Every structure is written in structure tokens, then in C-alpha cells.
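J.: Here the protein sequences line up with chains D and Y, keeping their order. Under the numbering used here, read the first sequence as residues 21 to 260, first letter to last. Under the numbering used here, read the second sequence as residues 433 to 1396, first letter to last.
Note that these hints are calculated values from the structure, not bench results. Here the structure is a predicted model, which is why all the values come from computation and not from measurement. Where hints are given, some of them may not hold.
Derived lysine-lysine pairs resembling BS3-like cross-links, with alpha carbons at most 30 Å apart [unchecked claim]:
no.	chain 1	residue 1	chain 2	residue 2
1	D	Lys171	Y	Lys1274
2	Y	Lys660	D	Lys91
3	Y	Lys1190	Y	Lys902
4	D	Lys171	Y	Lys660
5	Y	Lys660	D	Lys224
Far from chain Y by the CB rule (all over 12 Å, computed), these chain D residues [unchecked claim]:
no.	residue
6	Val32
7	Pro54
8	Lys91
9	Glu97
10	Asp122
11	Cys129
12	Lys130
13	Pro137
14	Tyr138
15	Asp144
16	Pro209
17	Gly212
18	Lys214
19	Ile255
20	Leu258
Don't be surprised by glycine CBs; every beta carbon is placed ideally from N, CA and C.
Here are the chains, one letter per residue:
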Amino acid sequence: MTQLALVIDLNVCVGCHACVTSCKQWNTSGWAGPMADYNPYDADPTGTFFNRVQTFEVGTFPTTETVHFPKSCLHCEEPPCVPVCPTGASYKRPQDGIVLVDYDKCIGCKYCSWACPYGARELDDQQRVMKKCTLCIDRITDLSLPERERKPACVLACPTSARLFGDVHDPDSEVSVAIRERGGYQLMPEWGTKPANHYLPRQKTRIHIAPDELVRADNPLRREDLTTYTGEETIDDLAW
Amino acid sequence: MRDPTTCSDRDMGRVEVKETTCYMCACRCGIRVHLRDGEVRYIEGNPDHPLNQGVICAKGSSGIMKQYSPARLTQPLRRKAGAERGEAQFEPISWEQVFALLEERLGRIRSEDPKRLALFTGRDQMQALTGLFAKQFGTPNYAAHGGFCSVNMAAGLIYTIGGSFWEFGGPDLDRAKLFVMIGTAEDHHSNPLKIAISKLKRRGGRFVSINPIRTGYSAIADEWVPIKPGTDGALLLAVIHEIIKQGLYDRDFLVQYTNSAELVVDDPARDNHGLFYRFEMHVEEGCFDPENKLWWDPEIGAVGTHTPGADPRLLGSYTLDDGTPVKPAFQLLKDRVDAYTPEWAAGITGIPADTIRRLAHEMGVTARDQRIELPIQWTDCWDNEHASVTGNPVAFHAMRGLAAHSNGFHSIRALGILMTLLGTIDRPGGFRHKAPFPRPIPPCTKPPSGPEAVRPNSPLDGMPLGWPAKPEDLFVDEAGEPVRIDKAFSWEYPLAAHGLMHNVITNAWRGDPYPIDTLLLFMANMAWNSSMNTSAVRAMLTDKDSEGEYKIPFLVVCDSFASETVAFADLVLPDTSYLERHDVLSMLDRPISEFDGPVDSVRIPVLPPKGECKPFQDVLIELGSRLKLPAFVTESGARKYRDYPDFIVNFETSPGSGIGFLSGWRGKGGEKFLKGEPNPRQWEMYAANGCVFHYELPRSYQYMRNWNKGYLHWARAHGMTRYAEPITLNVYSEVLQRFRLAAEGKWPGRQPPERLRKRVATYFDPLPFYYEPLEGRLVDTQRYPLNALTQRPMAMYHSWDSQNAWLRQIHSHNYLFVNPRVGAANGFDDGDWIWVESPHGKVRCLCRFSEAVEPGTVWTWNAIGKAAGAWGLSPQADEARKGFLLNHLISEELPPCEAGTHISNSDPVTGQAAWFDVRVRVYKAAPGEPEISSPQFPPMPRVPGQERRRGRWQAYFAGRFRRK
């Protein structure tokens, strides 16, 4: 069975927010839109986003790591938001594992957002329905788009290609290979939600220089290795 | 709800897809704009574009909210009679009135004294036209924002290696194995750098970030090396010390391609001390460095450089046959860095000496032992055939962190020299040039040399901006005093290649060196985040003389949005958005070339202009035609160009030169490139090709271009350079020594005024040296112990998007980030309101603790704080109430010193604004103080033609939004 998902490479995410606004622009005018903005030009502007980047620091100076952490609906294989929905508005598509909300059935009761341990769902206060990432279902299933473009907007936008998209159940897919080889992990697996989205950890590259690698026989300083002499007296003039 | 898989987005309205070039920042990515029923539905990266390869950033994806922003200006406006500047009380007028008014006023200025018009632009990627207009008008008072941005980076590297970072060159991260990023403020440039860094990391390359702050790119560095601001030069000199000490330099590269082995006269008693010893040779006058210099070969003695078979010494001290004592330039460099030990630098930079040594070893050993060899044959300028191109895969990138200090020029010279010692210039895995660079050191363009260049009703004799190579190239009068309003190219800032926009308003207000009549600002927010000392500058704009007239009599502002500066205008010209205009990103300016060859691009309108908006380019063409500036009219005085697109197609730099603004599809049928007759269908051809022209050089011309005979001849034949002479890297800068000799009274020509002799003699050192930034030496650093820095966040980098409903949700206000140790020492906590105070002013703001900043530094996101009511925002918006502007703390002038009472707070070589030199202290706001940022300004009202404020909520859905 297919389970589509995002695999996010924290090793290259620079926190630029391209995924955040490319998602917004595609989805606000798409199947899952509009995505309202409150106080768009006033104090405390907020709005509906399907994807946000959180930035946090780990450690104390000078051994500080700054982590940029993009987060959206994880399209859990056991999504706790689905069984709690009293109207059946939240559902998981059997054919590709995408978790969606049917706005016509949603009554905005927020049970799903309470059930979601990841804080991935946002109530659109204007439309009074729950909204969240659809993996750009209206792009990835649109056969009129060229195949290259049948990907979520965030994946196409990401300048560092930190967002991989594919079927995590297909062991040969790009995403499965990345998870396997790079130590991809799920968020809070102890909750048993089996999130489909995974994250790839940071990796450090270091250089090791052995002491005998520092100075080689062909060191260019040897080509200049002459001590200046300007005609002063030497031992040759004195010793016998 | 319908099944999302059953119908296509394309069925939801009338769909059009148009290609153009982004302008949400200065990167200029290729974009595809999808329209639904005439409204922008989706902006995606153009996958066929060489710059962004299909990706798009947070700003590019938010173009919709810029297009439909309620901050947009839509009508020409005139300050109401009786209203004061700054009150934003305007009345609409017609474009015809605007042009009649400007024609009369500017025509009068031009016929009397053209320099009384000052034209300054915030964006500097349309300088080919704005500079042409200024020159044709006859005023030297023209520049873009480079002087307060990164001219130190441009000049420091161009005077050293003949190219620079960003548009003109960059790190080759496709092949680098070690990448060192030092002093970048999240910027310059954006998507291409992100693409490149992620590729480097995926290939297993090592990424070291040297920066006081760990954000953005630095976050994914393999190692973060925190450094105290303004001390990068000390670090780089210590690394050079260690590289030379260990013999980790590329000797062959230094000998063949740099002036390291060239013999310098070494006798302080002689007038030519410190200049290269040059033998008699017929030298054609030109802006290249003639090959009449000497090497010292141990077998033969003095020989001409590049004598076949010679193997010159880099070190030593020699006496020529005529008795002249000389040293190879490299020996002088070695002498210079002898005292710059890692231990010395550790005390200045805060970086342990062992770390400095380790970094030097990593650079040197990687460069030496991981050499790349590409099977590409090429021929050098001395007719040596090379079977391959080799590269030492250590790459660097640097920007404002080095540049925006008053010691930045020499820090950047040190960086250029380090890159050169490692043998990385225009080689794979190192630094690579982008066309039209490399250019001669320095490039040929020169400013005028005296006040006689400015004459009524005549074009300026010379270019408003250029690259001085000797004191005679300075733009000064008989007394050695400045001719330009910003004092660029005077003895105060001799190599001010980008001007000093940050001093224009202060100087014009003071009438120093003279008063002006009209200040024309394009896309420059000089009443807010683009000025130092913002509160004072705002007061200068409203200050009046004893007659009751404004000291700066007439202020014209062209902008797309109701910025803080618009409020001060006498005349407001509404510019279009980037989706509504023609534009060219020209080879005559700062194009978007790639390492493998020249690239330029265009914008083509996707939407009609909003209201009465008119592109600034069209305004200039119209004014140029009306004022009968020679470039814009025929000999009989008739208008030559219908509009900007017509101008772009038909303008040639001189009649029949074949060189115009665009390099693609030239020639009658579009069959030529770079040079060729005007092609009437050139715009169509750009449109049919994604709005971009990319010429990929033959592989043998892609590397070693400073000395690549084939490339240099090709570049000359295609009009990109005047000379096919080798561009020898200036480890030792004779150009600087010429100015120093003048200051010492040893130069036969021009000499500086007495008050500036010591300054010029000190800072025009032919070798880089470290000195504490100027302000730090003139203020009480015990009282103001901290450095304060700004960066722009990636979602706002190089943008002007506080009016953007989506982007402002990411950054609606800024904090002062401080290390928790600083908070603890000063008695405040995370989230407290605090005062940050410099010798020049104080600002109240919110603080945030961060472990990702070295404890001697505080910093904030720049230009997030806005004046109340500006940018279409409510006066209650976070930007005005919680956001703040650090600029209030930064003076545009230094405290009085030996060099003068009104010396710019800038680098003494280039005039680069020293934003990052400011020293501050921080303390908790008193209980009961209002919880809003300070200073506050009276709210700016909405101007006529600006949309009503939007409601409590807004839901954008393309095709339905405007119909609501």
C-alpha cells in the first residue's frame, strides 16, 4: 500500500521559509483554500499556514547548535485525529495514505487538534473549519501537470532540496533509501501514531590532519632556504 | 466537498502562464507567473533558469501579497500647499504636470549648475540607465546604495584579484572540499548560495562558518567559529602568518599569476619607495599593468617577469645593478605578517590560537593535497600551453560582516590574499569569476578629475563612479577638496567606487561642500532604514533656513510603496511592481552571469500597471527626452526613443558600437550576442527564451581567466574588456602605495590637504594590516562595551516587504538578541523591555536571550521595525509598536578628529558605511515605562490613491480576490 510522505533533511535546511510561503500561495487559491489571514496589516498578524518553520537552539555558547525545523501534518499511518472526528470530516485516503479534511463535514470542534500530538492542525477562524497540509493533493494527482511538477509546492520551492517526497512503503523509493541510509527518524514514535513524514539528522564533516601531513618534502619554503650574507667576517678568517 | 483528484486547478478559471524575472529581492531568479482570471494564482521558479534552477524562496513565493499590497502608491502626488514635509499631506497631480514641473526645474538646474541635482538610488541593478541619465544630465552627484552596503567587498577584492563576490564571482561549491564562510549577514546572494551549500554538504564537503552569530547558513555549518565583530582582519592575517610559516602556499601559482615575486623598491629615502621597480619599455597608455617589472632569479639575478626558464625567489633582499635595494613583494608580505601570530589574533578575535592554527592547516593542507585536475587544455598570456586546469578546492564567501566596518577594506584585502596564497583564484573548487569580470586592477572606468568636468548644459566629462588608480584620478578641486556632494573620490575616501549615499542628506543639509537644489531618490528609504542616524536625518529633511525655505529645497521620491521617505517628499512618483514592468539586468551593470559564461535577463510585464503607476525607467526616458540630453535625442533635438523597451532595443553605447543594454539576440535577426546591431525583435526573443540569455563559454575559456589568452582575446572581441593583457593578482598593491607616497609628499602629482596626510599615509598601506575600527578608538568602550550588529532574515533579505501580509507574519517585529550572560550581568531577563544605548542615541526594545551569539555582541533583524502608519500598516502594527530600528544608534559621522570635524563614519579607503562599528550598552527599562519601542514618530496617514485599510481578515483566492 502506498504511503506518501515528506522526508525533511535537517542537514541542509537553512530555515529560509520558502516552504512556508510557497505552500501558502499554492494552497490558498487551491482545493484546500482559501487560507485566511487575520490582522493582515495590523497588530498581531496571524493566519492559516499548513507548514511552519520553528527555530530553536541546543546547547550553550560556544557549543551552540541552531536548528531550523519545518513542521507540517505528518500524515500518520495511525492518525489520532481521524477516529476522534465526530462527523467523519477527517479521513485518511486508502490509496495513498494522505490525511485530509472534508470542509463540508467539518464543524470546527477542534477534537482533532487536541488529539494531534504534533500541533499540526490549524482552525481557520474565518471559515470555522480545520485546515492542514494536504501534500498538495491537487498538484500531485493532477495528470495535466508535467510529471516533474506533480509534487507538493514546498518540495519544488525548497532551495536546498531539503524536502523529499515519495512513497515510504516502497523500499526502493528515494525517500525510503534516504530514511534507511541516513538514519531518518519519526517524531515522537512512542505515541504510536506512526508518522509517515520523517526527518534526516544533521551530519558533521571533519578534517583530520596527521602531524606528518603538515610539512611535506616539497615544502616551497625550502626553495627560499638561503640565509642572507652581506660580507661580514667569518670563522674562515680566524680559525686554524 | 469535491474529490480533490477529480478536477484540475486549471479548470478553475482562465489560466495564463507568463515568464519573467523575480524582484522580491536582488537575486533575480527566473519565475513563471500563473494567472487565474487575470489575478496572480501562483509564482514558481523557472526550472530552465540558470540562476535558481526551478527553486524559489519565501519572498518569491509571496509576490502575490506584494502585488496586492495596500501600501501601493497609485498616483503622482504633490505635497499640499501649506503642508509641512513629513506630514504626508499630498494632492494627486497628473503625470503631465509632473513632467512639466520636472522639465522646468531640472532644465533650470542643468543650465545653471548641473551638480545641484543629486540622484541616488537604493537599488543598484539598473545603474546602467540611472548612471547614464546622471552623466548625460551632467551631475556627478549620483550613486546607488553600494556605499552603505558592501563597497568594501567590491573594492577590496577587485583591487586585489580583479573580481569580487556575488554578481562578479563566487565560491565554486560544486567542486570545493572545504568552504569557509566568514562574515555573512544571511545575504548576498540567496537562492544560488542555498543551492550551492546544500550540494556541498551532500557531497561531504566541509563547511566552516566564522561569524559572531549562528543563524541561517551558519546553522548547518560543520563548525561554527564565533568571532568578535570587526576583528576578521586579525584572524585572516594570523591565518596568512601560519600558511606562510608552514609553507602551505601554492608557490607556482604565486610566481606565475601574482605580483608576489615582483621586485619592490625598498629604500624609504627614495621617492619611488614601495613602487615596483620598472625598466624602460615602450608602454601604451592604458589601464592595465604593463609587464616592465623584474623578478630575481638566483642564477641570473634580475630578469624580466615571465622570462622563460626563470625561477624567481619569493623571499630575500637584493640590490640591482644600479644600486637600488629591492625585495620581492612576497617578502614584504611575510615581513608584514611576522607579528600577526595566532596568539596575537586570539586576544583580538576571541578565537583560541589553536583553532586559528587548525583552520589554517585545514585550508592549506586541503588546498595542497586535494588538488583537482580537469582535462581542459588552455593557453596562458605568455603562450605557455597547459594540458589541464588544476584547482585547490578551498572556497570562501564573505560579505557585509567584513565589509561594514571601517577596517573592512583591509580585512577583505587580507581575504583576497589568503585566497591567492592558497592558489584558488578562478580555478575549480575555489573562487571563480563571472562575466564581465575579471577586469583590470583596477577597472578602466574613472571618475572625472576636477570641477571643470561639470559644465552647464553638458554631459559630465567622465563617469560619475569609477575606480581610481592614482591620485590624479581623484575627483577634487585645486585645493584637493571634494567635488561630489558625498565627497566620494576625495582624499577623505579616495576609492569610494560606489559613492557615499549615507552622507548625502547630511552634507546637502549642511551645504558641505555646497548646497543642492533637488534630491531625487529612487527606491531608497533614506528617512528610515537606509540612513544612519535616522532621527537626525528626518529632522534635516524638514529643516529650514532663515528665509523659511527647506535646506534641501526639493525632494522627489519614486517608490512603489508608501514608505517612511515618501512622507517627506515634495513630489511622489508611483513606480510599478516588478510584475508590471520591463526591466533589464544588464552586462553594463551587475548582471546575473554564471561561472561558465555571461548571463543577462529581462522582466516583461505580466500584469498592467496599477492605477497610474509608471516604471521609473520610463520616467527617466521621458525626462531625458524632454531635457534633450544628448543620449536621448537626435542631433536635431528630436526624441529618439518612444519608451523604455524601445530604448533598450536601439540604444548603443556609441553609434555603431553594437554594445547595448542586452547581450542576447543582437544583430538584425538575433543571430549575434554580446555585440551586434540592434535587433527590433530582441524582446520577443528574450520572451521566447524564459527572459534569460546565457552564453556558455568554451571549456578552455572557463578557468584561469585573468591569464587565459583565449578568454581575454574573446572578451575583448566581444566588447567586455578593452585589453587582452594578463590581470596579475595584487598581493602587493602598488595602487595604494601611490596614494601613500602622495601623502608623504613623494608623489610628483596631487597631494592631500594637510589635515588628511596622516590619514591617507596610514590607511593606504600596500599590504593589509589590522586596526581597531575607527569608532571604537574615538568613543568610550568601557562605557559602551558591546558591539551591535544587524542582519536581514532570509524571509526579508534584500526585500522591502513589511507591507507583505504573509512575510510580516514571519517577522512582524524584531528583538535584540543577547547572550544570557549579558542579561545576567545587566539585570534583565529574556523577553524584558530594555534600552540599548550608544554614544549617539538610545532605543527601547524587547530582548531575547540567545546562546547563538558571542557574548560581546548584541544583534537584531534589520528593517523590521517601521515608523507608525508607513507601508500601509496600521499605526498599531507590531512593526511600529514592538519593532525597532537600530539605525538611531549609529552616527553617519565620526566624532571630530584630526582628519576633520565631519568625517564620515566609514572606511577611510572606500567610504563604506561602518554600520557594524557601533558600540552600545544595554540595561533594563524602568518599571512603569510604556511597553512600546522607542523612539516613536507621529503616525503617517494614508496618502491619496492608496487603498483603504483592509479589514480584520483577508482570504486570498486568485480570481475572486479583487472582485469582492
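J.: Hint by hint, say whether it matches the structure.
T.: Checked hints:
no., hint, result
1, D:Lys171 - Y:Lys1274, "violated (50 Å)"
2, Y:Lys660 - D:Lys91, "violated (34 Å)"
3, Y:Lys1190 - Y:Lys902, "holds (17 Å)"
4, D:Lys171 - Y:Lys660, "violated (44 Å)"
5, Y:Lys660 - D:Lys224, "holds (24 Å)"
6, Val32, "violated (4 Å)"
7, Pro54, "violated (4 Å)"
8, Lys91, "holds (14 Å)"
9, Glu97, "holds (20 Å)"
10, Asp122, "violated (5 Å)"
11, Cys129, "holds (17 Å)"
12, Lys130, "holds (19 Å)"
13, Pro137, "holds (24 Å)"
14, Tyr138, "holds (20 Å)"
15, Asp144, "violated (8 Å)"
16, Pro209, "holds (25 Å)"
17, Gly212, "holds (28 Å)"
18, Lys214, "holds (23 Å)"
19, Ile255, "holds (24 Å)"
20, Leu258, "holds (27 Å)"
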